[in-house]
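**Student:** Given chain A, work out where chain B should sit, using these hints.
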Amino acid sequence: MQNNPQLNKNGELQHLLSIDGLPREVIERVLSTADSFVGVTEREVKKVPLLRGKSVFNLFFEPSTRTRTTFEIAAKRLSADVINLNIAVSSQSKGESLLDTVANLSAMQADIFVVRHASSGAPYLIARHVKPHEHVINAGDGRHAHPTQGLLDLYTLRHYKKDFTRLTVAIVGDVLHSRVARSLIHGLTTLGTPEVRVIGPQTLIPEGVEALGVHVYRNMREGLRGCDAVVMLRLQNERMRGALLPSAQEFFKHYGLTADKLALAAPDAIVMHPGPMNRGVEIDSSVADGPHSVILPQVTFGIAVRMAVMSMVAGGSA
Amino acid sequence: MTLRITNARLIDPASGRDAAGDLFIERGRIAALDGDARAARAERTLDAAGLVVAPGLIDLAARLREPGEEYKATLESEMEAAVAGGVTSLACPPDTDPPLDEPGLVDMLRRRARALARARLYPVGALTVKLQGDTLTEMAELAESGCIAFSQANVALQDTQMLWRALQYAGSFGFSVWLRPAEPWLSRGGVAHDGEVATRLGLPGIPIFAETIAIGTILELVRATGTRVHLCRLSSESGVTMVRAAKREGLPVSCDVGVHHLHLCEIDLGYFDAQCRLDPPLRARRDRDALSEGVADGTIDCVCSDHTPVDDDAKHQPFAEAAPGATGLELLLPLMLRWGAMNKRPLAQTLARISSDPARVLGVQSGRIEIGAPGDLVVFDPQAQVRFTPEALKSQGKNTPFLGYELPGRVRATIVAGKVVYERE
Chain A
0 MQNNPQLNKN GELQHLLSID GLPREVIERV LSTADSFVGV TEREVKKVPL LRGKSVFNLF
60 FEPSTRTRTT FEIAAKRLSA DVINLNIAVS SQSKGESLLD TVANLSAMQA DIFVVRHASS
120 GAPYLIARHV KPHEHVINAG DGRHAHPTQG LLDLYTLRHY KKDFTRLTVA IVGDVLHSRV
180 ARSLIHGLTT LGTPEVRVIG PQTLIPEGVE ALGVHVYRNM REGLRGCDAV VMLRLQNERM
240 RGALLPSAQE FFKHYGLTAD KLALAAPDAI VMHPGPMNRG VEIDSSVADG PHSVILPQVT
300 FGIAVRMAVM SMVAGGSA
Chain B
0 MTLRITNARL IDPASGRDAA GDLFIERGRI AALDGDARAA RAERTLDAAG LVVAPGLIDL
60 AARLREPGEE YKATLESEME AAVAGGVTSL ACPPDTDPPL DEPGLVDMLR RRARALARAR
120 LYPVGALTVK LQGDTLTEMA ELAESGCIAF SQANVALQDT QMLWRALQYA GSFGFSVWLR
180 PAEPWLSRGG VAHDGEVATR LGLPGIPIFA ETIAIGTILE LVRATGTRVH LCRLSSESGV
240 TMVRAAKREG LPVSCDVGVH HLHLCEIDLG YFDAQCRLDP PLRARRDRDA LSEGVADGTI
300 DCVCSDHTPV DDDAKHQPFA EAAPGATGLE LLLPLMLRWG AMNKRPLAQT LARISSDPAR
360 VLGVQSGRIE IGAPGDLVVF DPQAQVRFTP EALKSQGKNT PFLGYELPGR VRATIVAGKV
420 VYERE
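Protein sequence lines, in the order shown, are assigned to chains A and B.
With numbering that gives the first Met the number 0 applied, the first sequence closes on residue 317, and no number is skipped along the way.
With numbering that gives the first Met the number 0 applied, the second sequence closes on residue 424, and no number is skipped along the way.
The following block holds chain A by itself, in its conformation from the complex (with noise of 0.2 Å):
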């Protein structure tokens, strides 16, 4: 078996492949590191000088607008160089392998690249092929991880709740798919939240979920009782129709969050959704601009997050 790629011999944060397999204090560093930029977002020079001259390099297999951009965006707020590569339509469809892009680009002196790729676990294959002074941020890889979009979960439902060890939360809709709900189940059951479910269809919930340590609720009205947060997924548009579900209106009856299946969630319930929303599917407009979302601020936190990421992997102690 092989050795835990993301840690470096002193524990210290080399990639950021995964939330699943990093300790409790990687997870906390990561969370407090991203408050003192939070500061930083704000202000009016909104820079500082950690990665100046460090090359960020974005390397996208699979095209996404948002994630790319707050890369950039946290990138370019330390000071760093930013490459984007949009993948899918250059070198992979000329038949180039995933390793002769990066051994490339590794050419091209980067020191960290940010990777997103529609295969689970690709960024793993990469960080084992890098230079020792690269570093890989996972930007979210197939089923499987988005662990940058995990922790500015993790940074809001602090920023709101304070103690994970008191929360209930609650990830609904399409769990099978969704790299940000393992994501976040991993770094919740670290934190110690004692009470993770996740509600949705049989169709749209992976085999043995239960390992994870999490709950599964077929009946969303039941899994909702008492929660503190709420977790919407994203319904991609080819699976609202076909053999998981029969169609997007059916889905938003039963598995939609409505005003009316928040209020049995607790009073001071706050509702996450990793966005791009699909309103009227997965979430009711009333909701998702109503008093209990804190949608947007996740965006603004996740600027923060991945802030923080970047400097703890390349540079030096922030």
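Think of the hints as simulated: they come from the structure by calculation, not from any bench.
Just so it is clear, CB atoms sit at the ideal spot from N, CA and C, and this is done for glycine as well.
Here chain A is said to cover these stretches of chain B; the calculated rule only asks that three of the stretch's residues, wherever they fall, bring their Cβ under 8 Å from a Cβ of chain A:
1. 196 to 207
2. 315 to 325
Chain B residues, not near chain A, derived (Cβ > 10 Å throughout):
3. Gly67
4. Leu74
5. Glu75
6. Ala116
7. Leu135
8. Pro183
9. Glu236
10. Val385
11. Ala391
**Tutor:** Just chain B now, kept in the frame of chain A:
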């Protein structure tokens, strides 16, 4: 050419013999044992002091990649790998390019193999034309060219009416049909056992019932047709249970397992280790233990290498995109010796699963040490540890989950029809 082997620890799994002895081969066959062998005059004598002499290994599944995929491996490289691993007979599945669906291809393959004069080659013919599942192959013709059974390799036959007809037709001539039990719809898109590890890693899963539903279908068709079926590469506890019951019922079925599945399970995927991307997938620990138990109690007749040379470009990919399969010819004996040691099985029984038992499935005379049997032998040092590195492997396939491992058993000589085809110090 006559050959005498002296001072050996002679193991004949078929009879259970495990005792010191001598052996004499004349005209390609075992002609004398022990006292008579010592008295015989031989052109060459091999001193096997401290070594085991046993029937050469018989491997029911080794992909040689010819014809059509010579960039992955060639008959030369893989036959060399076979004899370096002590394999003296092997069956190759029909999933070549083009598939082994017409006599000319089979003739050519056998001719090439004979010219190389390494291991014996037993081609398994395609059950349907191009393995496409809509037209039966000329099985009788293919059998005349040397096919010993008929199979769809790993390409499932979706049409059960076609499968029924294929079994009826093969059975009319007394041919065996070898089938990989995998229900294609349930297996579709999957790359790992549908369980905890796949869920954690976010890999699309293949449920166990993809195997058991297929076994159920096949067993019903065996009941209906009476055709002898060999089930290839079991992967689950439930699968073993079904075969055990079918055998108790007296159905004409046999089965095998790939040697990797006796040692590894889903946990070994670790952090997306593509070396553990195998077909069928590595399942849970309890499945591995049940497979092991099945081999021990004989429910599983044979263990095969499921040798599949995969080049680095195809293997060094994200897990789901990596080509499935591992090199195995040179690891079959060491991995079986390791299995035997871990499960405290007598050496004769361990060796039976890779010699006399597969010989029975193939219907060949080799796989035993007795007067008149073919002079196919492996001479090995059971104590020596061998480290498996890409450089050390003769096969063109350098990918295996056991790279870097030290495993017991060094082959010192391999003999086919009385001729030493491989030898090392």
